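Protein sequence lines correspond, in order, to chains A, B and C. Be aware that the first sequence starts at 8, since it is given in our numbering, and climbs by one per residue. Be aware that the second sequence starts at 310, since it is given in our numbering, and climbs by one per residue. Be aware that the third sequence starts at 262, since it is given in our numbering, and climbs by one per residue.
To be clear, the hints were calculated from the coordinates, so they are not data collected in a lab. Mixed in with the good hints, there may be bad ones.
The list that follows gives simulated cross-link-like pairs (lysine to aspartate or glutamate, EDC-like), each with its CA atoms no further than 16 angstroms apart [said to hold, decoys possible]:
1) A/Lys132 / A/Glu253
2) A/Lys132 / C/Glu325
3) C/Lys614 / C/Asp640
4) C/Lys671 / C/Glu683
5) C/Lys671 / B/Glu495
6) C/Lys614 / C/Asp673
Taking CB as the label site, the calculated pair distances span [as the list claims (entries may be wrong)]:
7) B/Trp593 / C/Gly752: 22 to 28 angstroms
8) C/His759 / B/Ala434: 34 to 40 angstroms
9) B/Arg331 / A/Val212: 40 to 46 angstroms
10) A/Ile170 / C/Asp282: 47 to 53 angstroms
Derived contacts from chain B toward chain C, CB cut-off under 7 angstroms, selection only [said to hold, decoys possible]:
11) Ile318
12) Glu492
13) Tyr493
14) Ala496
15) Leu498
16) Ala500
17) Gly501
18) His511
19) Pro514
20) Asn515
Here the structure is a predicted model, which is why all the values come from computation and not from measurement. C-beta: ideal position from N, C-alpha, C; glycine also.
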Amino acid sequence: MLRFLVARVGAMLVMTLLATLVVFLIANTVPGDPVLAQLGDQAASDPVFVAEWRHQYGLDRPLWQRYVIFLDGLRQGDLGRSIRSRRPVLDDVEEYGPATLELATVSFALTLIVGIPLGILAAVKRDSWVDHLARVISLLGVSSPTFWLAFILLAVFYGYLQIAPGPGRLGTIALPPPTVTGSYLIDSALAGDWDTFQDAAAHMVLPSIVLAAATIGLVTRTTRASMLECIRQDYVRMARAKGSRESRVILRHVLPNALVPVVTLSGLAYAQLLTGAVLTETVFSWPGLGRYTFLSASALDFPAIMAITLLVAVTYLVINLLTDISYAILDPRVRR
Amino acid sequence: MSGARIAEILAAQPPPVSPWRRWRHQYGLAALGGTIVLGWIIVALAAQALAPWAPNAVEVTARLRPPSTLHMMGTDELGRDVLSRLIFGARISLITGIVVVTIGAFIGTVLGGIAAYAGGLIEEAIMRLTDLVLCFPPIILALAIGAALGIGTTNTITAMLVVWWPKFARLSRSLVLQQRSLEYVEAALVAGYGPGRILWRHIMPNSVGPLIVLVTLDVGNAIIIFAGLSFLGLGVVPPTAEWGSMISEGRELVAQWWVASFPGFAILSIVLGFNFLGDGVRDWLDPRSRRQ
Amino acid sequence: MTDQRPVVLEVDDLRTWFFTDQGIARAVDGVSFSIREGETVGIVGESGCGKSVTALSVMRLLEESARIVSGTIRFRGRDVIAMRPAELRAMRGGDVAMVFQDPMTSLNPVIRIARQLSESMTIHGQSGATAASRGINLLGSMGIASPERAMTGYPHQFSGGMRQRVVLAMGMSNEPALLLADEPTTALDVTIQAQILDLLGDLNRDFGTAIVLISHDLGVIATICARVIVMYAGEIVEQGPTVEILANPRHPYTWALLNARPGLDTDRGDRRLTTVEGMPPDPLSQPPGCRFAARCPFRQPVCDDHPPLLDAGPERLARCWLAGEEPFERQARRSPDAAAEFVPAATPIMEVKGLVKHFHLRGGLLARSHIVRAVDGVDLTIERGEIMGVVGESGCGKSTFARTLLRLFKPDSGSIRFDGQEIATASAATMRPLRRRLQMIFQNPYASLNPRMTVEAILAEPLRYHGLATNAAETRRRIDELLGLVGLGAGARERYPHEFSGGQRQRISIARALAVEPDFIVADEPISALDVNIQAQIVNLMIDLRERFGLTYLFIAHDLAVVRHICDRIMVLHLGQVAEIAPADDLFTAPLHPYTRYLISAQPALHGPERGTDRLKLTGEPANAIDPPSGCRFHTRCPIARKVCADAVPPLRLLRPRHEVACHFPGEFA
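Between the sequences and the hints, there should be enough to build the whole structure, so can you do that?
Rendered as C-alpha cells:
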C-alpha cells in the first residue's frame with residue numbers, strides 16, 4: 008500500500024511539473040507580442056520604453072531561462088501580476104478563492120446527496136416512474152448550458168416570482184462576518200450571527216443548484232449504470248441463496264461494489280464544478296475565482312489567465328490523486 | 310399437461326407487443342433526437358431563407374422590444390431581431406460542434422489505435438501526452454489557448470481541438486487493446502496478414518461502435534463548450550450572431566428575459582437531440598440488445 | 262431393497278417457463294423427482310436442457326422473466342412455491358444450500374472471507390462470535406490449510422479450488438439437509454475437480470446432507486452419485502441407479518451421451534466417436550412428439566406420440582417407447598478394426614529443442630515486475646501425419662507453447678525446425694510463405710471469428726491473400742467446397758458468425774484453417790467449449806480431414822480421455838516443462854511420471870476398472886509459473902519426492918521405445 012502511495016504521489020508531482028511547462032509554453036509562444044498586449048497602445052509605440060520593459064521583466068532572455076525564472080517564481084508563490092487589478096495574482100486568489108471553494112463544496116454535497124440516492128433508486132426500481140424521472144433530470148442537467156440555466160433560474164425565481172435573493176453572496180447592505188475560514192456560512196455560524204447565516208444560505212441556493220445540475224446528471228447516470236451492472240453479478244445471487252433479505256443484499260453486497268466507480272467519478276465531478284463555477288459565478292455576480300476568470304478572459308488579462316489555468320490544473324491533479332487513493336481503499340483488488 | 314391448460318396459460322399472457330410498438334419503445338427517443346438534429350441542420354442550411362430579418366441589422370429605435378408578431382422573439386440591445394440571430398447562430402454552433410468532434414475523434418482514434426497496437430515506447434509517449442492534456446479541465450485549457458491565440462472562430466476551434474482529441478485516444482486505445490487479445494486477431498496473424506491490414510480491416514470495424522456513440526454524444530458537449538467560450542468573450546468576433554455570446558449580452562437583462570433565454574433554449578434543444586440520438590446509437594450497438 | 266429414508270425434496274410435474282419477447286421458452290416442462298435424506302443424485306444434460314433452471318426453481322431464485330407455471334415443490338412436506346418470503350429466506354441457506362459454477366464470481370470481491378462466511382450463519386440466527394469460530398472450523402474441514410489466515414483474506418487472493426471450498430463452507434455452515442451443486446467443478450482443473458468431488462462425497466457421508474450434483478459431464482456425476490437423472494429439452498428422459506444406467510442405458514440420448522465420451526480404456530477402434538447429429542430443439546417451440554426423435558438413430562413411427570416416463574426396470578424410468586426392449590448396441594460408425602498403427606515418415610515435420618518463452622509482467626512504478634516462466638525448456642519432435650496430444654492443467658504452458666510454435670510469440674531461446682527450416686528466429690518476411698502451411702484452430706468459438714465479417718468474407722480472405730483463388734468465381738467455388746468439407750451448406754456463406762451455434766462456428770474455423778491447404782494444424786482446446794455430443798462431431802470431422810489431406814495435428818486439451826482416444830502420442834506438460842512424452846496406449850497403461858499417474862487417476866471415469874477404486878489423491882494447491890519450485894517442478898506435491906528432486910531439474914530421457922520421461926525416479930510410485 009505504501010509503495011502504491013509513493014508511486015502515485017510521485018506521478019502527480021511529475022505531472023505538475025509538466026503542467027507548469029505547458030502553461031509556460033502557452034503563455035510565451037503565442038503569436039503576437041504579449042508585451043504589447045500588456046502595455047497598451049500608447050506605451051507600446053515607444054520603442055525605448057518597450058525595450059526597457061522587456062529587460063525589466065526578463066523577456067529578452069532565451070526561452071529556457073525564462074522557464075527557470077518562472078519556476079523559481081512559482082516556488083516563491085509568485086503567480087504573476089494581474090493587469091486588470093494591478094495586484095499579484097496570488098492576492099487576488101486569496102481574496103476570491105474562498106467564495107468559490109464554498110460554492111463548489113456546497114454544490115458537491117448537493118450532487119452527492121441528490122445524485123447517488125437517485126441513481127440507486129433508479130436502478131433498484133428499474134423502468135418505474137422513479138427511473139424515468141431520474142433519466143429526465145440527468146438528461147436535462149447534462150444538456151443545459153450552465154450559464155443559461157443560471158440566467159433562467161434567476162429570471163424566474165428572482166425576477167418573476169421574487170422568492171429568491173438576487174445576485175451576490177449577501178444582500179446589498181449586509182456586512183460579511185469576521186473572516187475565519189472565508190466561508191460565510193461557517194464564519195457567521197462561528198460568530199453566532201444567524202441573520203447573516205440565513206442571508207448567506209439564501210444567496211447560496213440558486214447558484215449551487217445551477218452548478219450542481221450537470222454533475223447531478225452525471226452522478227445519477229453513473230450510479231444507476233454501476234448498480235445495474237453489479238446487481239447482475241453472481242455474488243448477488245449467492246447472497247440471495249444464503250437467505251439474505253433483498254435490502255441487505257442491496258446495501259451490504261451491491262452498494263460497496265457499485266460505489267467504487269462512483270467515487271472515481273466524484274473526483275471528476277468536483278473538478279467539473281470548479282470549471283462550471285466560471286460560468287455560474289458570472290451570472291450570479293458571485294465574487295469568486297470563477298467570475299475573476301471571466302473578467303480576466305474578457306480583458307485578455309494574460310498573467311491572470313495563465314495563473315488560474317495552472318492553479319486549476321494542480322487542483323485537478325490533487326483531486327485525481329485523492330480519488331486514486333480512495334479507489335485503493337475501497338477496492339482491495341487494486342492494492343496488490 | 311393438457312393442451313387445454315397450456316392454452317389457458319397462453320391466453321392469460323398479455324398480448325404480444327407489436328413490432329412497431331417495441332421499436333418505438335426502444336428507439337422512439339432516438340428518432341426524436343434525430344428529428345431535432347435534422348431540423349436544426351435544415352434551419353442552418355436554409356438560414357438565409359428562413360430568417361425574417363438580417364441578423365446584424367442594427368435598429369436603434371427598436372431596442373429591447375418584447376416578442377411580438379413583428380419580432381417573434383423580441384429584439385436585443387441594439388435592436389437586432391433575436392429570432393434571426395438565433396437562426397444564423399445555428400450555423401456556427403453546428404459547424405463548430407461537428408468540426409471539433411469529428412476532427413478530434415479522427416486524430417484521437419488514430420493515435421489511440423497506433424498506441425494500442427504498437428505498444429512499447431510509442432504507447433507510453435502517446436498516453437503520457439493524453440494524460441498531460443487531460444490534467445487540465447477542458448474549458449480552462451481551451452480558454453487559455455484561446456486567449457493566447459486571440460478571439461475568432463478558427464482560433465477557438467483550434468484551441469478546442471487540442472483539448473478534444475485525448476478522450477478519443479484513450480477510448481480508441483482501450484478498444485483496440487480489447488480486440489487485440491481476441492482469437493480472431495490471432496487467427497489473422499496466423500494467416501500471415503500484416504499489422505496494417507489487421508488493424509484497419511479487422512480490429513477497427515469492431516471498435517468503431519463505442520467511438521461512434523461518443524462522437525454523437527460529444528457534439529452536444531462541444532456545442533455547449535463553444536457557447537461557453539463565446540459567453541466568456543472568446544469564440545466569435547462580434548457582431549457575429551452566436552448563441553453563447555447572445556446569452557452573454559443578455560445576462561444582466563433579467564427584465565428583458567427574451568434576449569438571453571431563447572438562445573439557451575436553442576442550445577438545450579439541440580444538445581438534447583444529440584444526446585437522444587447518441588443514447589439510441591449506443592442501445593442499437595449494444596450486443597445484448599442485438600442478440601435477438 | 263427399496264430406500265426407506267424420509268423424502269427431503271419432492272418435485273411434481275414442475276414447469277418453469279421463460280416469458281420473452283419472442284415467445285414462451287419452456288425451459289422446464291414437466292419434471293418430477295424426489296430426493297431422500299442423505300442421497301446423492303446427479304442431474305445430467307447438455308446446456309439448455311433445464312437442469313440449472315430446475316435447481317433455481319427449487320430455491321425460487323429465478324430471474325424476472327421466468328415463472329413456475331405449474332407443479333409443486335415440497336421440501337420436507339412444506340410447499341415451497343406457496344412459501345411466504347420470510348419462510349423462504351429461512352429455507353435458503355438454512356435447510357437448502359446452493360453452490361454455483363464459477364467460484365471466481367460467486368464471492369463478493371470487496372468483502373473479506375470472514376464476513377461472507379459469518380453472514381451465512383448470522384442470517385440464520387447464530388451469534389457473531391459463534392459464527393466466527395464455526396467459520397474457522399468449517400474452512401478447516403473443507404480442507405483449507407491455515408483457516409485463521411484465510412478468514413482475513415479477500416476472494417481474489419485465493420485460487421479457484423480454494424474459493425470453491427469457501428463457497429462450500431458457506432453452504433454447509435447451517436448443516437442443510439440438501440445441497441444443490443450446479444456445475445461446481447466445471448471451472449476447475451482436473452486434479453482440483455477430483456479433490457472437490459471427494460469433498461462433496463465426504464460431506465454427504467459425514468453430515469448426512471443429501472447432494473444434488475448438476476453437471477454436463479456424466480463422468481463427474483458417476484464419481485459420487487448413486488442415482489442419476491438425465492434431462493433433455495426440459496424433460497426427464499431417464500432416471501435410475503447410476504451403475505445400471507451406465508451399464509445399460511434405456512434412452513437413446515443417454516446412450517448417445519455415453520458413447521460420445523471415450524473412456525480411459527475403451528477400445529479406440531478407428532478413433533471416431535459415436536455421435537448423433539443435430540442439436541436439441543428450440544425451447545421456444547418444442548416438437549409435439551418425442552423431443553429427441555429428430556436426432557434419434559432408433560426412431561420409429563410411434564415416436565410421433567409424446568412418450569411418458571415408462572418403466573425400464575426396477576427403480577428405473579425412461580421416456581422412450583423402446584424402453585423395455587433389447588439393449589442398444591454400441592454402434593461404431595465404421596468397421597471396428599483399429600486404424601493402421603502410425604508409422605513415422607523419414608523426417609519429422611516439427612522439431613523443437615529447448616524452447617523457452619517467458620513473460621514479463623510490469624509492476625508499474627516502483628512495484629516489482631514478475632517473470633512468468635510459461636514455457637521453460639521444451640523438447641518435442643512431431644512426425645508427419647501424426648496426431649500429437651498435449652495435456653496439462655491450467656498454467657502448464659500448453660497455450661503459450663502452441664502460440665510460440667506458430668511464431669505468434671517470439672521465443673526467448675531454443676530452436677523450432679519446421680520441415681527442416683529453422684523458424685524460431687525467422688523474420689516476418691521469411692515466415693510469410695510458411696504461414697500457409699501452419700494453421701490454428703482456437704478454443705473459443707465465439708471469439709475466433711470476426712463478428713463483422715460474413716462467412717464468405719472470412720473464408721475468402723486467406724484464399725485471396727495467398728493467391729489460391731484469383732477471381733470471384735473461383736473464390737466462390739472453393740468456399741463452397743470448404744463449407745461442404747466441414748459439413749455446412751452453401752447457405753452459410755452470407756451469414757454472420759453470431760447466427761451460428763458454437764459447434765457450427767468451430768466448423769467455420771476449421772474451414773478457414775483448411776482454406777490455405779496447410780500441412781500442420783495446431784488445435785488449441787478446440788472442443789472444450791462445446792457440449793459432449795458436439796465435441797464428438799468435431800472430433801470425427803477432424804479425423805476425417807486428417808485422413809483425407811494427410812494433416813498433422815498438435816491437439817491440445819485438458820480432457821485425457823479424448824486425447825487418449827484420438828492421439829498417436831501425448832506430451833504431458835507441467836509448469837512449462839515436459840513431464841512425459843509417450844504413445845497414447847503406453848501413457849495410460851504404464852505411465853512413468855508421478856504427475857501423469859495422478860492426472861490419469863483424477864479423470865472422472867465412466868467405464869472400466871478405474872471407477873470405484875480408491876483414487877490416488879493429489880493434495881495441495883498447484884504451484885504457479887511466476888515462482889516455480891526449484892529443481893523438478895512437481896516435487897512440492899510429489900509423494901515420492903526426495904532431496905535430489907528439489908536440487909536438480911530432471912532431464913528428459915528416452916526410457917522405452919518412443920517414451921520419454923523427465924523424472925529422477927520414473928515408475929517408482931507405489
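Hint check, failures only: As far as the earlier hints go, not one is violated by this structure.
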